[in-house]
Amino acid sequence: MSQHFNAMPGFRRTMGFTLFYLGVLVLLPIGGMIFKVFQLSWGDFWAHATTPRALAAYRLSFGASFLAAFVNAIFGTLLAWVLVRYSFPGKRFVDALVDIPFALPTAVAGLTLANLFSPNGWLGQFLVPLGIKGAYSQLAVVLALIFVSLPFVVRTLQPVLEQMEREVEEAAATLGASRFRTFISVVAPSLLPAVLTGFVLSFARALGEYGSVIFISSNMQYKTEIAPLLIVSLLEQFEYSAAMSIAVVLLVISILLLAAINLLERWVSHFHR
Amino acid sequence: MSIELRNVAKQFGAVIAVRGVSFSIGHGELVALLGPSGGGKTTVLRMIAGLEMPSSGDIFIQNQRVNDVSVRHRNIGFVFQSYALFKTMTVFKNIAFGLKIKKWAKSDIDFRVAELMNLLELNGLEKRYPHQLSGGQRQRVAIARALASKPSVLLLDEPFGAVDAKIRQELREWLVRLHHDLNVTTLFVTHDQEEAMEVADRIVIIAKGTLEQIGTPREVYEQPSNEYVARFIGVMNVLEANVTSGIARVGEMEFPTSSALDGPARIGFRPYDVQVSTDLACYRYRAVIKHTFFLGIMLRLELEMNSGLVIRTRMTKEEYSQLGLDDGKEVSLQIRKYRVLASQSGPLSSEVAYTYQMPPTIAEGI
Amino acid sequence: MAGLTTRPLRGDTAKSQRGSEETPFIKWLLICIALGFVGVFLVLPLINVFYQAFHNGIGFYFESLREPDTLSAIQLTLVITLIAVPMNAFFGMAAAWAVAKFEFRGKALLITLIDLPFAVSPVVAGLVFVVWFGRQGFLGNWLDAHDIHIIFALPGMLLATTFVTVPFVARELIPLMQANGTDQEQAALTLGANGWQTFWYVTLPSSKWGLIYGIILCNARAMGEFGAVSVVSGAIAGQTETIPLRVDKLFHSATSAAGVASFAVASLLALLALLTLVIKSYLEWRTERAYALAQRSESNSA
Numbered sequence: 001m002s003q004h005f006n007a008m009p010g011f012r013r014t015m016g017f018t019l020f021y022l023g024v025l026v027l028l029p030i031g032g033m034i035f036k037v038f039q040l041s042w043g044d045f046w047a048h049a050t051t052p053r054a055l056a057a058y059r060l061s062f063g064a065s066f067l068a069a070f071v072n073a074i075f076g077t078l079l080a081w082v083l084v085r086y087s088f089p090g091k092r093f094v095d096a097l098v099d100i101p102f103a104l105p106t107a108v109a110g111l112t113l114a115n116l117f118s119p120n121g122w123l124g125q126f127l128v129p130l131g132i133k134g135a136y137s138q139l140a141v142v143l144a145l146i147f148v149s150l151p152f153v154v155r156t157l158q159p160v161l162e163q164m165e166r167e168v169e170e171a172a173a174t175l176g177a178s179r180f181r182t183f184i185s186v187v188a189p190s191l192l193p194a195v196l197t198g199f200v201l202s203f204a205r206a207l208g209e210y211g212s213v214i215f216i217s218s219n220m221q222y223k224t225e226i227a228p229l230l231i232v233s234l235l236e237q238f239e240y241s242a243a244m245s246i247a248v249v250l251l252v253i254s255i256l257l258l259a260a261i262n263l264l265e266r267w268v269s270h271f272h273r
Numbered sequence: 001m002s003i004e005l006r007n008v009a010k011q012f013g014a015v016i017a018v019r020g021v022s023f024s025i026g027h028g029e030l031v032a033l034l035g036p037s038g039g040g041k042t043t044v045l046r047m048i049a050g051l052e053m054p055s056s057g058d059i060f061i062q063n064q065r066v067n068d069v070s071v072r073h074r075n076i077g078f079v080f081q082s083y084a085l086f087k088t089m090t091v092f093k094n095i096a097f098g099l100k101i102k103k104w105a106k107s108d109i110d111f112r113v114a115e116l117m118n119l120l121e122l123n124g125l126e127k128r129y130p131h132q133l134s135g136g137q138r139q140r141v142a143i144a145r146a147l148a149s150k151p152s153v154l155l156l157d158e159p160f161g162a163v164d165a166k167i168r169q170e171l172r173e174w175l176v177r178l179h180h181d182l183n184v185t186t187l188f189v190t191h192d193q194e195e196a197m198e199v200a201d202r203i204v205i206i207a208k209g210t211l212e213q214i215g216t217p218r219e220v221y222e223q224p225s226n227e228y229v230a231r232f233i234g235v236m237n238v239l240e241a242n243v244t245s246g247i248a249r250v251g252e253m254e255f256p257t258s259s260a261l262d263g264p265a266r267i268g269f270r271p272y273d274v275q276v277s278t279d280l281a282c283y284r285y286r287a288v289i290k291h292t293f294f295l296g297i298m299l300r301l302e303l304e305m306n307s308g309l310v311i312r313t314r315m316t317k318e319e320y321s322q323l324g325l326d327d328g329k330e331v332s333l334q335i336r337k338y339r340v341l342a343s344q345s346g347p348l349s350s351e352v353a354y355t356y357q358m359p360p361t362i363a364e365g366i
Numbered sequence: 001m002a003g004l005t006t007r008p009l010r011g012d013t014a015k016s017q018r019g020s021e022e023t024p025f026i027k028w029l030l031i032c033i034a035l036g037f038v039g040v041f042l043v044l045p046l047i048n049v050f051y052q053a054f055h056n057g058i059g060f061y062f063e064s065l066r067e068p069d070t071l072s073a074i075q076l077t078l079v080i081t082l083i084a085v086p087m088n089a090f091f092g093m094a095a096a097w098a099v100a101k102f103e104f105r106g107k108a109l110l111i112t113l114i115d116l117p118f119a120v121s122p123v124v125a126g127l128v129f130v131v132w133f134g135r136q137g138f139l140g141n142w143l144d145a146h147d148i149h150i151i152f153a154l155p156g157m158l159l160a161t162t163f164v165t166v167p168f169v170a171r172e173l174i175p176l177m178q179a180n181g182t183d184q185e186q187a188a189l190t191l192g193a194n195g196w197q198t199f200w201y202v203t204l205p206s207s208k209w210g211l212i213y214g215i216i217l218c219n220a221r222a223m224g225e226f227g228a229v230s231v232v233s234g235a236i237a238g239q240t241e242t243i244p245l246r247v248d249k250l251f252h253s254a255t256s257a258a259g260v261a262s263f264a265v266a267s268l269l270a271l272l273a274l275l276t277l278v279i280k281s282y283l284e285w286r287t288e289r290a291y292a293l294a295q296r297s298e299s300n301s302a
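Residue numbers (the working numbering), protein chains in the order written: chain A, 1 to 273; chain B, 1 to 366; chain C, 1 to 302.
Derived from the structure by calculation, the hints contain no laboratory data.
Take these hints with a grain of salt, some might be off.
What the hints assert, rightly or not - With a cut-off of at most 25 Å between alpha-carbon atoms, the simulated SDA-like pairs for lysine to any residue come out as follows:
(1) K329/B with G296/B
(2) K166/B with K208/B
(3) K208/C with Q178/C
(4) K249/C with F152/C
(5) K27/C with Y86/A
(6) K133/A with T255/C
(7) K91/A with Y282/C
(8) K87/B with G161/B
(9) K150/B with D110/B
(10) K107/C with L256/A
(11) K127/B with E288/C
(12) K208/C with Y129/B
(13) K107/C with P193/A
(14) K337/B with T316/B
(15) K208/B with S22/B
(16) K87/B with R65/B
(17) K27/C with P159/A
(18) K100/B with V40/C
(19) K91/A with V40/C
(20) K290/B with G251/B
Unchecked claim - Covered stretches of chain A, going by a simulated chain C footprint (3 or more residues, C-beta under 8 Å):
(21) 142-152
(22) 199-213
(23) 245-258
Beta carbons: idealized from backbone N, C-alpha and C, even for Gly.
Can you build the whole structure from these sequences, using the hints too?
Here you go:
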């Protein structure tokens, strides 16, 4: 990394340490795993990564993460809107509560959600008469993922909503547009990039989630086993190659999502200038 | 010499910010680095401070080559355009910072800070934080901080840029007084020629990275070394003329030129060098007063000659009323002093109109 | 993932009923839906933790916390956190200095790299260390021969925890230090300060709230990390169990007393979460001010 003269001292030292730290703690370990997987033949890798059990796990992980992110996109947008646009008693308190999923360890979240949605739990009891199984089902996975990825859309959208010029909406109103029409044709398009960013952030977080899900899910192969859990089970059976193959699949998807998030964030900041 | 630059150049990537600048500043001088924005003057100042490294050339402070001396050891006082006060420190701690770094004894620090607070009229503000100060107070704290450890030179980057026009005037006078009291070599950057003329003993004019002229305010005003300086300093009428057999002609006006130039040339003269009389026989040329602008104590007149040529002149209100001038009145005029700014034998570019229009940037100012 | 740490700067939302606003009915309907969502999905789970924890009475609660295995889990969690958080705080300061105070090629890539641990699944984060230090790993035989234990021991858990919490402090400090610019640091240099003095007296005080904020978040995640740690821990009771792993073990034992005990232990982490939220809210208020000050001194120079 080249850098022209700057009177500020310490570039080499801090940059050196930064690269060293990231290299040793992040890149070398990840690189080691990728190296190991590269030692497998392509056929072996593919066989490990696409067993029916693995495919079922991907399906559940992707499906549940997508649903969770989708629910959060809708309710997160609503929540951000309410928190930015309206004033009501206890607003700051509610705003602080949005961060609970960031602060509460995932194991605790899984534990309490499993209890809440169990057939005799506070919320689960209402689902029983409807014939819906709360905890220990695929729905349970979605519920846990909604919880852990809830803050992303809200937190991405809030600053965008705050910077949005109300004059534009007022202009639409003076031009005779109804409130609903204004929202659909003026407000929604300018919120879209941020909502999408929040959606992808939620999705990425949900996809990797492990702690909360294993508490609330029945963790049955082919049914309620998510991809990260499959990695752990394979590891416990000393199926290292299979575990690493699936881990590399997840890793590649994570990196792609990170790249997508970076592009989206650039789009958001471009949109609001 | 307190500061000396020898053929100093600075390049940022492909951009040449400063090209081969040399000048020197004597002990105790108050010098302005004047030039348009982006002309390289701040880069020069930052190179003297050691905040930038010259690409080539040598810099001397107190006759010692300092190219390889880091900013912290150059013993300079630097006042940033933004003041760069330490937000988390009180006024006292801001001023004491450099002394603490240099491990002065506590009693000496207290004494020195008190001395500076007194000198800079900051008494009573010791415990304030920068955000609790006015713009003028912040600037004085920044100067006090820069002066605290008795630097050999004081460098100021656009010191009056961040305050509003009214305080600006006070601060200028105040800087002159401070310099007089302390007699520390001072170099400040400004893009405002009026400011440079008023405050500085000498002015260094830098444009497009090149040194244009060094001299006292009077010298650069009266004997500009080139057309750029002539047009940058003060206001000037500039006429596009044509020279044939030693005489430059524009409209009905004729300007004898000394050398045997032929072809297009530019003639420049200050508004004060236009003499006006209501006696139509008094001077050679005739014109009508097209418009009078009131600039406070001074008035600016636009005179339109028969050929459509427009000339600007200035006079005091008293002169104006003594002469009995008014818009629409016919007068006679002559140009007392003028200067051939530049000439070239090739054809002029097409944008030069016969009716002279003064560029708006030059019309402002003195 | 930046969304985790971008905080909104709260402006004064106008209280007046604007012409272009929703009708009060729609407005209150939206507020009620939003509050209902927050109530069911966020508040109820949190309350439930404490309700279940005290289900068998306060005596049982403290008894389950006093169990030797639980006490040792608490101790292990504290040890890991006390090492991982300072390391990442130090890294965060160094990285923020390099990224915020200098211009260089590849900066965006470096920031993405710092974010990488946020994007990686915790399970994968644990696995990568197994690949190196596990029995079948690159260094497995060598470690075995020298009787060094990393996986299923403290060093492995420490590495996994540090990995997943790498970005927190850097992520908070970089934007704040960028907003502060380099003018103050340059001023300190002209006054004779060296790099370390400049950092200590000028940079650190003006970004301390961001630093503390990052440390608080880092701490919460380090204490609560489950996935990465569970992969490398082996969960040997009394030896390699952290608080979250202890919760897991108690939850999965068959007795109902253990079930209640798991909530009691979990309530410690829930308390930590509440404490984190309170400090976080306070610090947000402080950092908002720090940003505002940074902007104010900038607008003065304009």
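**Request:** Compare the distance between the alpha carbons of K329/B and G296/B with 25 Å, and conclude whether the hinted pair is satisfied.
**Result:** holds, 22 Å
**Request:** State whether the coverage of the region 199-213 of chain A by chain C holds or is violated, taking the criterion as 3 or more residues with Cβ-Cβ distances under 8 Å.
**Result:** holds (count 8)
**Prompt:** CA of K27/C to CA of Y86/A, is that 25 Å or under?
**Reply:** Distance of about 8 Å is within 25 Å: holds.
**Message:** For K91/A and V40/C, compute the direct alpha-carbon distance and say whether it is at most 25 Å.
**Reply:** Given pair K91/A, V40/C holds - Cα atoms ~17 Å apart, limit 25 Å.
**Asked** When you check the alpha-carbon spacing of K27/C and P159/A, does it fall within 25 Å?
**Response** holds, 20 Å
**Prompt:** Given the proposed pairing of K127/B with E288/C, does the C-alpha separation stay at or below 25 Å?
**Reply:** holds, 23 Å
**Prompt:** Straight-line Cα separation of K87/B and R65/B no greater than 25 Å?
**Reply:** Violated, at about 34 Å.
**Item:** Proposed proximity, K208/B with K166/B (alpha carbon, max 25 Å)
**Value:** violated, 30 Å
**Request:** Measure nothing beyond the straight line between the CA atoms of K208/C and Y129/B; if it is 25 Å or shorter, mark the hint as holding.
**Result:** holds, 17 Å
**Request:** Examine the region 142-152 of chain A: at least three residues should have C-beta closer than 8 Å to a C-beta of chain C.
**Result:** holds (count 5)
**Message:** Can you tell me if the region 245-258 of chain A counts as covered by chain C, using C-beta to C-beta distances under 8 Å and a minimum of three residues?
**Reply:** holds (count 7)
**Request:** Measure nothing beyond the straight line between the CA atoms of K87/B and G161/B; if it is 25 Å or shorter, mark the hint as holding.
**Result:** holds, 20 Å
Of the numbered hints given earlier, the model fails hints 2, 16 and 18; all others are met.
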